[in-house]
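Asks: Going by my numbering, 152 is the number at position 152 of the sequence shown; the sequence numbering is gapless.
In case anyone wonders, no lab produced these hints; they're calculated from the structure. A virtual CB, placed ideally from N, CA and C, is assigned to each residue, including glycine. Hints may be right or wrong, so weigh each one.
To be verified - If you anchor each label on the Cβ, the simulated ranges turn out as follows: (1) G24 with R55: 41 to 51 Å; (2) T74 with L32: 30 to 40 Å; (3) G116 with V49: 17 to 27 Å; (4) V35 with L97: 14 to 24 Å; (5) G116 with V31: 37 to 47 Å; (6) A42 with V110: 14 to 24 Å.
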Amino acid sequence: MTDPGARLPGRPGERSAAKRPGGGADLLTGVLLVVAEAAAGALLALWLVVRGMTRSHEAADGKLSAPPPADPGTDWTPIVAIAAFALLIACVAVALLLTGWYWSGGIQAVVAVALGVALLASAVQGSGREAEEPAPAWNSPPCLSGGDSDECARSGG
Numbered sequence: 001m002t003d004p005g006a007r008l009p010g011r012p013g014e015r016s017a018a019k020r021p022g023g024g025a026d027l028l029t030g031v032l033l034v035v036a037e038a039a040a041g042a043l044l045a046l047w048l049v050v051r052g053m054t055r056s057h058e059a060a061d062g063k064l065s066a067p068p069p070a071d072p073g074t075d076w077t078p079i080v081a082i083a084a085f086a087l088l089i090a091c092v093a094v095a096l097l098l099t100g101w102y103w104s105g106g107i108q109a110v111v112a113v114a115l116g117v118a119l120l121a122s123a124v125q126g127s128g129r130e131a132e133e134p135a136p137a138w139n140s141p142p143c144l145s146g147g148d149s150d151e152c153a154r155s156g157g
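Could you build all of it, start to finish, from the sequences and the hints given here?
Replies: Encoded structure:
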């Protein structure tokens, strides 16, 4: 007969223990994922910078198909792109944590939270800039000849 205290192969506890990585592999995977995310984040930042430069050149050259609005408002593309990147990292963190890769998943969770906090801070800071009035571009000097402002404008000063 069988001993009731004996472990049978294929129990759920043994199967999950077989899938758990060693401490070194788990930590190394977490570090490699952070390096890969840093590279992907740099490519994302480069794309956003090139996109912003292209948009500013198109607006300056008048190549836009429609006239630009009077108040363009906030460009939400960088915020949405970084939020999607942070959400992807958070999903990877959850998947790693559920499969027993605790160090890698924890590192990914920290990276996702840090990106989310930075994103929220930049979004809040960016929304405060819209309320400011732009400074006037040129202040004309007072007319020294004693005439009105039209006379000063025609004479050049």
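Asks: Now tell me if each hint is right for this structure.
Replies: Consistency of the hints with the structure:
Distance hint check: the CB atoms of G24 and R55 are about 47 Å apart, consistent with the given range 41 to 51 Å. Evaluation of the 30 to 40 Å hint for T74 and L32 yields a pass: the beta carbon distance comes to about 35 Å. Take G116 and V49: their Cβ atoms lie about 22 Å apart, and the range 17 to 27 Å holds. Evaluation of the 14 to 24 Å hint for V35 and L97 yields a pass: the beta carbon distance comes to about 20 Å.
Remark: the range hint 37 to 47 Å for G116 to V31 is contradicted by a beta-carbon distance near 21 Å. Separation of A42 from V110 is about 19 Å and conforms to the stated range, judged on CB atoms against 14 to 24 Å.
Hint 5 alone, counting from the list given before, is not met by this structure.
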